[in-house]
Amino acid sequence: MWQLPEDELQILGDVAGKDVLELGCGAAQWSILLAGRGARVVALDNSARQLEHARAAMAVAGLDFPLVHSGAESVPLPDGSFDIVFADHGANRFADPYLWVPEAARLLRPGGLLAFSGSTPFEELCWSSEDDRMTTSLQRDYFGLHRLEQPDGYVQFELPYGEWIRLFRRSGLAVEGLREIQPPVGAVSTYRTEEETAWARRWPMEQIWRARKA
Amino acid sequence: MGAPLADGADLAGAEGVTLPEHVRRNRAEWTRWAPEYAEWAPRAWGREDFTWGVWGVPERELRVFPELLEGLDVAELGCGTAYVSAWLARHGAHPVGVDVTPAQLDTARAMQERFGLEFPLVEASAESVPLSDASFDLVVSEYGASIWADPYRWVPEAARLLRPGGLLVFLVNGTLAVLCLRDEEVPPGPELRRPYFGMHRFEWPEDDSVEFHLGYGDWIRLLGECGCEVLDLVELQAPEEGEPHAYPALPERWWARRWPSEEIWKARKL
Numbered sequence: 014m015w016q017l018p019e020d021e022l023q024i025l026g027d028v029a030g031k032d033v034l035e036l037g038c039g040a041a042q043w044s045i046l047l048a049g050r051g052a053r054v055v056a057l058d059n060s061a062r063q064l065e066h067a068r069a070a071m072a073v074a075g076l077d078f079p080l081v082h083s084g085a086e087s088v089p090l091p092d093g094s095f096d097i098v099f100a101d102h103g104a105n106r107f108a109d110p111y112l113w114v115p116e117a118a119r120l121l122r123p124g125g126l127l128a129f130s131g132s133t134p135f136e137e138l139c140w141s142s143e144d145d146r147m148t149t150s151l152q153r154d155y156f157g158l159h160r161l162e163q164p165d166g167y168v169q170f171e172l173p174y175g176e177w178i179r180l181f182r183r184s185g186l187a188v189e190g191l192r193e194i195q196p197p198v199g200a201v202s203t204y205r206t207e208e209e210t211a212w213a214r215r216w217p218m219e220q221i222w223r224a225r226k227a
Numbered sequence: 152m153g154a155p156l157a158d159g160a161d162l163a164g165a166e167g168v169t170l171p172e173h174v175r176r177n178r179a180e181w182t183r184w185a186p187e188y189a190e191w192a193p194r195a196w197g198r199e200d201f202t203w204g205v206w207g208v209p210e211r212e213l214r215v216f217p218e219l220l221e222g223l224d225v226a227e228l229g230c231g232t233a234y235v236s237a238w239l240a241r242h243g244a245h246p247v248g249v250d251v252t253p254a255q256l257d258t259a260r261a262m263q264e265r266f267g268l269e270f271p272l273v274e275a276s277a278e279s280v281p282l283s284d285a286s287f288d289l290v291v292s293e294y295g296a297s298i299w300a301d302p303y304r305w306v307p308e309a310a311r312l313l314r315p316g317g318l319l320v321f322l323v324n325g326t327l328a329v330l331c332l333r334d335e336e337v338p339p340g341p342e343l344r345r346p347y348f349g350m351h352r353f354e355w356p357e358d359d360s361v362e363f364h365l366g367y368g369d370w371i372r373l374l375g376e377c378g379c380e381v382l383d384l385v386e387l388q389a390p391e392e393g394e395p396h397a398y399p400a401l402p403e404r405w406w407a408r409r410w411p412s413e414e415i416w417k418a419r420k421l
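So the protein sequences, as listed, match chains A and B. If you're matching positions, the first sequence starts at 14 in the working numbering and goes up one per residue. If you're matching positions, the second sequence starts at 152 in the working numbering and goes up one per residue.
Quick caveat, the hints were computed from the structure, so don't treat them as lab data. Any given hint might turn out to be false.
[What the hints assert, rightly or not] Here's a subset of chain B near chain A, in silico, CB distances under 10 Å, partners left out:
#1 E335
#2 V337
#3 G340
#4 E342
#5 R344
#6 F348
#7 W370
#8 E380
Just so it is clear, CB atoms sit at the ideal spot from N, CA and C, and this is done for glycine as well.
Modelling step: build the complete structure from the supplied sequences, incorporating the hints.
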C-alpha cells in the first residue's frame, strides 16, 4: 500500500526462468513486471473486466502470457506446475483461505514458494465500522476471525496468526516468514489517509506471509 | 539419565560470572517473590493433569507436548519451582530444570524431597546454559525464560540444546494482551497502550523486573534463524466458566474470551 519496492523486500527472490502464478491479478501490473524479469507467468482473476484491463496492459508492455478466468478456490491448472504462487492484496483477501491455500499448495512444486500480502488481524480488530475509521482499541473479537462482511457488500477474509500457521501446515507448507510492513517515516499512499499511515507506523496494517511446499 | 552436563560445567552456577543487568534484576525480583511461589508449589507439584496458563486449559485438550513422554530428555528453561518438569518426570521423561534464582531452586529441591521425585536442577541463566549441544528431545519454558530472558539469547541456546527433530515449546503472554496491559496493577481494557513495532524489552513501573515480548513476525524469524521450523501457535482462549486467576494486572475472563491473553509457540529443530 506504501509501494515498497520488491527489490528492497526480496519476498519473491529471483524469478527468471520460474513458473509463476498470480492469484487475483487485477490489471496484472505485478505479472507484467515479473514477466519482464524473465518469469513464465500465468495470471488469474475471477473478474472478466479486470482481465480485459490486464490484456490491454500486456499489449502496451509488448508481453504475452496466459490469463485465466477463475476464482482461487478452484483453479483449472494441473498439480505441481508452479515454482511461485503469489498474490498482492489479491485473491488472498477475497477468497476463503481454507479453500484457496490448499489449492495454492496443490499447484506448487515441491520446494515452491507461496507468498501473499494482505491486511492484518490488527487492522480488522481496530477498524470501527460505525465511525468508518481506524481506532486504537480492539473493536471486534480475535477468536473466530475469518469472514468479514464489508459495508459495501463484498466479503473479505482474515485469520488469526495461529490459524494461518495451522492452515499452512495442514496444506503441506512450511512457514517461512511473516513480514509485517511498517511504512517509512513520511510514506504516502494512494490507498491510505495520513491518519491511517500514522496508525500503521505503530501497528501492522499490512503483512506478507511466505510458506514453502515441503 | 540423558542430558549430560557440558565438560567443566559448574553446578553451583553463576558465582564469579557477570550476569547481564536484566538477568540480575530478574533474579533479585524472583528472590523476593520466591516465598509466595514456595507456598503455592505443593499444589502445583501435586496436580495430576497438566494445565496451561492462568486459565488452566488442560494439556489433554491442547496436546502440545509429544504424545509419548517416556524416555524423553527434557530441559526446562526458567523452571522456577519445577512443577512442569515434575509432571513430565511422572510421565517418564528425564527433565533437567534450569533456573537462575537460587531461592526458586531451593523450593524445587524441597518439593523433590517431599514428592520423592528426583531430577537434576541447574542454577544458570537460560541465556547461557551449561549443558551439552544436541542433548535434549524437548525444551520447554512456561512463563520462564520465555518472558524473563532475552529471546535473542535464550532461543539460540534452546536450539543448541535440541537434537535434530527435537521440540521447543514455550508459553508467553498474548501479544495483544502485552499491548493492552496497563502500567498500574489493574486488568487491561480493549485499548492498545503501546506500539507493536519495536516490541522486545518491557519494564513495568510496579516492580524492577525486565520482561521480553516479541511480535509474531519476529518470533517466526528468530526461530527460523535458529534452525527451528514453526509447527504451531496455540492462542489460548479462556474457558467460559471457572475460577478467576490470581494476577491483578492480567486480562480478566471477559477479555480473554475475546482476545488471546496467552499463546504457546511450538517449533521443531531441523
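Evaluated hints:
1. E335: 18 Å, violated
2. V337: 16 Å, violated
3. G340: 8 Å, holds
4. E342: With Cβ-Cβ at 4 Å, under 10 Å, it holds.
5. R344: 9 Å, holds
6. F348: Result: holds, 5 Å to nearest chain A Cβ.
7. W370: 9 Å, holds
8. E380: Cβ of E380/B sits 6 Å from chain A, so the hint holds.
Checked against the numbered hints above, the structure breaks hints 1, 2 and satisfies the rest.
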